[in-house]
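Undergrad: Okay, here's what each chain looks like letter by letter:
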Amino acid sequence: MRFQLTEDQRALRDGARGLLARRFGPAALRTAVDEPGRLDRALWRELGAAGFFALRLPEARGGVGLGLPEAVLAFEEAGRTLLPGPLVATHLAAGQVPGAATGEAVVADVGACGLVEWLAEADVVRGDAAGAVPLRSVDPLTPLHQAPVARDVHPVAVLLTAAEQLGSATRACELAVQHARTREQFGQPIGGFQAVKHLCAEMLVRTETARAAVYAAAVTTDPADIDTARLLADEAAVRGARDCLQVHGGMGFTWEFEVHLHLKRAWLRTHRAGDATESEESLAAELLAQPI
Amino acid sequence: MNLTDTPEEEEFRARLREWLGEVLPTLPPKPSPDDWPGRRAYDLGWQRRLYDAGYADVHWGASPTVRLIFLEETEKAGAPYVGAGFVGLLHAGPTIAAEGTPEQRARWLPPILRGEEVWCQGFSEPDAGSDLAALRTRARRDGDDYVVSGSKIWTSHAEVADWCELLVRTDPQAPKHRGISWLAMPMDAPGITVRPLRTLAGSAEFAEVFLDEVRVPVANRVGDENDGWRVTMVTLSFERGTAFVGEVVACRRVLRELAGEARKNGRWDDPVLRRRLGRLNAEFRALWRLTQWNVSEAERTGGVPGVGGSVFKLRYSHARQELYDAAADVLGPQALDLDRPWVLDRLSSLSYTIAAGTSQIQRNIVAERILGLPKGR
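First to last, the sequence lines map onto chains A and B.
Sequential numbering of the first sequence, starting at 679, is according to my numbering.
Sequential numbering of the second sequence, starting at 2, is according to my numbering.
Quick look at which bits of chain B chain A covers, simulated, 3 or more residues with Cβ under 8 Å:
#: 1; region: 4 to 10
#: 2; region: 286 to 293
#: 3; region: 369 to 376
Here are the computed distance ranges between Cβ atoms for each label pair:
#: 4; chain 1: A; residue 1: 953; chain 2: B; residue 2: 37; range: 50 to 58 Å
#: 5; chain 1: B; residue 1: 9; chain 2: A; residue 2: 684; range: 13 to 21 Å
#: 6; chain 1: B; residue 1: 205; chain 2: A; residue 2: 945; range: 47 to 55 Å
#: 7; chain 1: B; residue 1: 18; chain 2: A; residue 2: 963; range: 23 to 31 Å
In case anyone wonders, no lab produced these hints; they're calculated from the structure.
We put the CB at the ideal spot given by N, CA and C, even for glycine.
Work the whole structure out from these sequences, hints included.
TA: Printed below as a string of structure tokens:
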């Protein structure tokens, strides 16, 4: 057993982080928020060229030939930067929908609750989107439609969504800690107060527990591990964003500061894999399935 | 990232399973919880068997991964835990191994490994709990001895211990972390009074230890005089490493038993309870993965467990309490009957967010040492 990132996996994560820092930094994030509903096609093709969508496609079919753990690391970075677009749907379509692997095509999926992300920008929609009506999406970075018919979600999509949640939770914790170190009140950094310090500590505990669950599910692909990853990552992302908001005080409640984008996207992702109670029920049933 | 055994690990696991299959049926019956001499004999007897089979030093000699496999397999097989051997094998032994002189290692380590001597821990005091460094038990030099006076509390196995790993103040003038020394005190020395302390679970798992002019040879000091705080930190990091591996395995078994019981008594039909058990399944699965992650990290960084143990302990101690609260929900009114399974465990679980560093102190450790937040109040 060696349950740690390999050198290659570290390099891949750092590479993805570098690319996203260059191509989707704070300025690009602002632009994306100011122009809702528009997907940056040039960036999409760049992601395609970097292998983001073709990561798990065999080399013989023009892919990168890597596995689910590597894909999880890449999606974690995407979640950390709030990278917009139907990333999971397009990644899953690589090798099945022409142009998906290279980023020429944008692919949208009808989700577990009948929700469709980025329907208007999609070149291809998988699932039945007939009669889908637009919603006024709570997440400014994700246009939403509601389709009448739901569609089963692939377990890999559940896991990659959990990876995005993990990245978001990690970022929220970093932002909170940065602020708690530098913001002074009562003559000292607020991170010196235990009330604030303990919020930050709990954010890290939730994030690191979710990390172990998400990475393990990527290695085993066991359905119970994927359900576990999903529940833990949803919790880490949603509560992490909430606590990050709280640590920032009034600034946390503004449109300007990015934490609301993390919270809104985290809410949205909790619905992508269907109701959380389904994961809980599966994990409950699993308790009876195995001998004591 | 890899979760499968290497060929060596696989072989170690297979050999251990085979040995456990042979040895466990030959063990004597378990003594009752309040039979201290019986518990001592039982626990030491188990350690002796481990020693004879070549597993004696698995707690601090072996690699973290081998230790993980050992704890996982012994718990799954229902083997005894370290019990009275806890302090010797997991606290005092590793400390002496890391910080002791060759003479000290030769004197104290073999009897621990062979299951011949029991150690207890004299760290906490009535006025030094979370603020352990504020301890006041005084050791004054008199020739080749220290003369020790004061009192210790929360000392497990004090009634049956041969030795006590004792923290004492040797320099009252120095800043509090710099005036402490680590001594091995023989428990039969004159001037020691042990008073059992009854816990809310009704049993006397701890004791208070009163020290009145107890003479301890200077030769029993491990590490330099006034360097005891650093020596102690070595010990505590061991405690937070793999100490809970067996318990996580056990909790996962309890969870399956709870599901089975709920199915039998009809509570399973309640979707709220069912989902709560499903969430706990996720919780303990994740804690097991976190254990594997931390152990692999310790393997990578050379053995000594890091502050990642605090992250684990925070989450685990809370999860354990939730598990037994869920057990009470499965049991319904029977949760008020001490003779039902899990009821005493529920009471014991209340100590988990307090013992070995309260959750509040652990959060300070995580925030200050991992996240780099400033010290403050």
